[in-house]
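Asks: Here is what each chain is made of, one letter per residue.
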Amino acid sequence: MTTVYLVDDHRLFLAGVRSEIEGAVEIVGSASDVDDAIEGIRDAKPEVVLVDVHMPGGGGLTVIENVIETNPDVRFLALSVSDAAEDVIAMIRAGARGYVTKSITPEELIEAIGRVQAGDAVFSPRLAGFVLDAFADTMSAPVDPELDQLTPREREVLRQIARGYSYKQVARRLSISVKTVETHVSAVLRKLQLSNRHELARWASHRRIV
Amino acid sequence: MVYVRAAFITLGFVWGLGVILYAAAWASTIDLPSVEEAGVGPARPAGRTTHLGAGMILLAGLIMVRAVGIWPGDGLFWPASAIVFGSAFLLDQRGIDSRDFLASLVDPGDSSMRRRSIVGVVLLVAGLAIFGSSAVPQLGTTLLAVVITGVGLSVLFGPWIWRLANDLGAERSERVRQEERAEMAAHLHDSVLQTLALIQRTDDPKRMLTLARHQERELRRWLYDRAPEAGTRSLSVLLQSTVDRLEADFDIPIDLVVAGGELEGDLVGPLVSATGEAIANAAKHSGAAKVSVYAEVSVDSVDVWVADQGKGFDTATIGADRRGIADSIIGRMRRHGGSAIITSEPGEGTEIHLHFERERSL
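Top to bottom, those sequences are chains A and B. The end of the first sequence is residue 210 by the numbering used here, with every number in the run present. The end of the second sequence is residue 362 by the numbering used here, with every number in the run present.
The reader is advised that the hints may include incorrect statements.
Claimed, not checked - Simulated crosslink set (SDA-like; lysine to any residue; CA at most 20 Å straight-line):
{"no.": "1", "chain 1": "A", "residue 1": "K168", "chain 2": "B", "residue 2": "G312"}
{"no.": "2", "chain 1": "B", "residue 1": "K206", "chain 2": "A", "residue 2": "V81"}
{"no.": "3", "chain 1": "B", "residue 1": "K311", "chain 2": "B", "residue 2": "E345"}
{"no.": "4", "chain 1": "B", "residue 1": "K206", "chain 2": "B", "residue 2": "W222"}
{"no.": "5", "chain 1": "B", "residue 1": "K290", "chain 2": "A", "residue 2": "R159"}
{"no.": "6", "chain 1": "A", "residue 1": "K102", "chain 2": "B", "residue 2": "D251"}
{"no.": "7", "chain 1": "A", "residue 1": "K168", "chain 2": "B", "residue 2": "R163"}
{"no.": "8", "chain 1": "B", "residue 1": "K290", "chain 2": "A", "residue 2": "I104"}
{"no.": "9", "chain 1": "B", "residue 1": "K206", "chain 2": "A", "residue 2": "I104"}
{"no.": "10", "chain 1": "B", "residue 1": "K311", "chain 2": "B", "residue 2": "A288"}
{"no.": "11", "chain 1": "A", "residue 1": "K179", "chain 2": "A", "residue 2": "R159"}
{"no.": "12", "chain 1": "B", "residue 1": "K311", "chain 2": "B", "residue 2": "D251"}
Said to hold, decoys possible - Negatives, chain A to chain B, calculated, CB over 10 Å:
{"no.": "13", "residue": "S30"}
{"no.": "14", "residue": "G40"}
{"no.": "15", "residue": "N66"}
{"no.": "16", "residue": "T70"}
{"no.": "17", "residue": "D73"}
{"no.": "18", "residue": "R93"}
{"no.": "19", "residue": "A128"}
{"no.": "20", "residue": "D133"}
{"no.": "21", "residue": "R153"}
{"no.": "22", "residue": "L194"}
Unchecked claim - To give an idea of the interface, some chain A residues facing chain B are shown, with a C-beta separation under 7 Å as derived from the structure:
{"no.": "23", "residue": "P125"}
{"no.": "24", "residue": "R126"}
{"no.": "25", "residue": "G129"}
{"no.": "26", "residue": "A136"}
{"no.": "27", "residue": "R163"}
{"no.": "28", "residue": "A187"}
Simulated from the structure, these hints should not be mistaken for lab results. Since the structure is predicted, the reported quantities are computational estimates derived from the model, not experimental observations. Even glycine gets a Cβ: it sits at the ideal position worked out from N, Cα and C.
Just chain B, with the same shape it has in the complex (with noise of 0.2 Å):
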């Protein structure tokens, strides 16, 4: 490719020609590559008549060009080409490390990167020197050198700082990885190997239970980023964070569903508050081994049941404490304009309904 181009810039010194060609070349969608593949390409082992072939095509061509006669001059012609070439052998260092090409240079080794790139030096403070002395030799010859070994560095040590600029950006981004992987294992150490350890040293089979749930749900989060912004009041989510907690406050599983959309605004609060008392009042009293919590919000209602296995109670008889918590979850779901129901009997677990109306504006 680089080769292809640096003899359209060539033909560019002919009034433009090469300009011309190129524009031709892309508007017609010629593939270059392909034209690579035809024979210009010196990476194809087996390339090297071809490449003597496309050279003495473009040789032809530029003496032809000469004798029509639209010709810049040999003064600026020759020396501009052997500028062009010498960065082009430069500039091609397919497949080869930025850190290998000055070493290259030197390398005894690598025998065709070595010859490309002090064939490329030569053509380039050739075609520069030759310049200097003959095409604007108007010019002051200290500001010419400064130019001309400015072009020259540039030309040879800038691929080169510009690798070592993206090698340094490639680095940079590896720190950053490494970064997250000792965050990763911090926030690994400070979770789930504690309670790996606490989970060994205890010997009652429910809390090792509530604990691996605890951490289990933790880790869900925490891998998979659920967790909502600071400030959401959604049902789904404070049910959710009212559940883990009482979790783990009573050493109880609790299995919590919510279906249908999601609810917001004055009634989440008094709601959420009721599940909570109904699921400590049945991981207090029931002695189930569990408490199932469903919500459900529909268009015009909310619901939520809390349901236990447990020995269940006769609603007539209830013991003075219980009436109490019965009496506080009915009663600040009335005071918010919605009801609650508790159905027990005696060995047959306990649910508790918590609804409210919902007005269609909502």
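Next up, chain A with everything else stripped away, as it sits in the complex (with noise of 0.2 Å):
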């Protein structure tokens, strides 16, 4: 069973996903700020972090980075209420392999969690729509073509997630397997990470996302 260690700074919230996916996954720990977790996933070497984007005392930025840094192999999936687009696209830059929002059904949590385990990304309809607009073509021209852009593929894989269909309904949509829906969304999230556009910075620090 993949193991599990839960952030959150709503004591409520952790509850109750640890009830809804306890069974499926294992939960190795939970910790409710910024310092406990950092410690505490040094400590149980999960697979998957589920981290909260809003905390007091850094956030989930905070505990990505701090964990990065020695455990790289640990893999977070970011987890919150509907954020701000540049808190999201930060926490993914930071290197956290997913983003969804807290309406996620369990039977989805556990499916994404699963996802993140395999190295693989996860992509809710709301991120899409983040990095379709992070990556618009309206831009000015990328210094590096093989990061600063999507492909017409990619672009087309992302605007069916962000229309709200599973990686598997896309895949069968776009004639295409499931794995390579996760070659494409891997992809992007690579360019996320690893482009240099100064533009997506200003886009974060400006977009005001409804």
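Dock chain one against chain two, each of which comes alone in its own frame, and use the hints as you go.
Replies: Quick look at the structure:
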């Protein structure tokens, strides 16, 4: 079973998630503030950490940055109420392998944890929207075309995800395999993390998402 | 600091010597607080002897200047310096609350402050009295008394009144904060607490979910003030309010994602209406647990997809009631130069794609 660590400053929510996914995954610990989380994750060495974006004392970003320094093989999935684009993109750039909103169903969450554990990327409709927005056509010429642009196929896959379809449905609708969908979103994740187009930072700071 | 200034002012009576020195010190960026640290500061417990030393140096300097001959006369200088230092003693109230200032004059507990205040008052009164009697005898005694009393009172009570006014300002801002808190409490009562009460009285989990989502949206908007100014007619804003309304009307979660630029102008109205009808259609007929809406504005087109994963239907044999809704969506889009494509199959859910070409000039 996948070992999972939970980080959220809302204890009620922590308890709720725990009861929903316990049994399908092995929960090896939980923390409700940044410092406890960093220490606890280093001790427990889980495969996947579910981490809240907004927390007092630096938020999920601080947790990811500190843990990845010492334990680069721990994988993070950001889990939060609908947040501002810049915070979510910062989490992804720090190393989170995906972002889902807290309204996700338990089944979807368990599937997402499995996906992150396997090294794939998890794109919720909202994250797909953020990314399409960040890599919009209207921006000026890219510095590094390899990293600073999405391929038409990647764009199409993200649009399908933004429209609410699961990876499996996207695969069927585009007549490709689920593995290919995963390859595309992992490539997008990599671009999001490595792209140094300055527009990405500028976009993130100016964007006021609905 | 205040004593250093007082020393300079005193020297200022010596034909402006102090002013020149002060300006020189300032210009050569001699750090005055460091002068204080070197021994003039009265707040340091160990500084008694250094105070004495500094006083002696000042006195020696004065006597020297007097011997050289640049001297305004004893009758003017000594009372003037008494006034200046008296004021300095009174103005020096570091770390002491203004309300304690007067109390310190009578409070036996605070001896250092009392001593400072008493010495200050004595020096001030003595200086003013000598001035009054000797330096300017030609002035009318009454006028002089009034001026002296006025100066004395303002020096005595000025700082106190000034601080009192400051405290009043602080109290006023505290009151403003309290009003803000009261307003917040009122808002939470009207919205969040009411919703929580409603949720507790509801047995239907779906209704609970809708109430919670609706309340969450409203609270978030209120807290982060994302609400646009009245009159904003942009696509994302109008879509959000439509989604909020329909979510409440149909008790169904609606996920809205908007990407790309912002759209304003003639196309927004029909696009938002058509989206609303598509959502309502999905909420009423699909039986799906949620509806997904994705809007994308690019340079040359605007697209909205409304998708559900409900039971779907055969687009060739749709019933008359749904035909009407489909026509009204398609008809509305066509009338404004756009298109609507409905894709659905039984068991596969339904997707309605609304599309407008944009003119480059827009």
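Asks: List in ascending order the numbers of the hints, as given earlier, that are violated by the structure.
Replies: Of the numbered hints, 4, 7, 19, 20, 28 do not hold.
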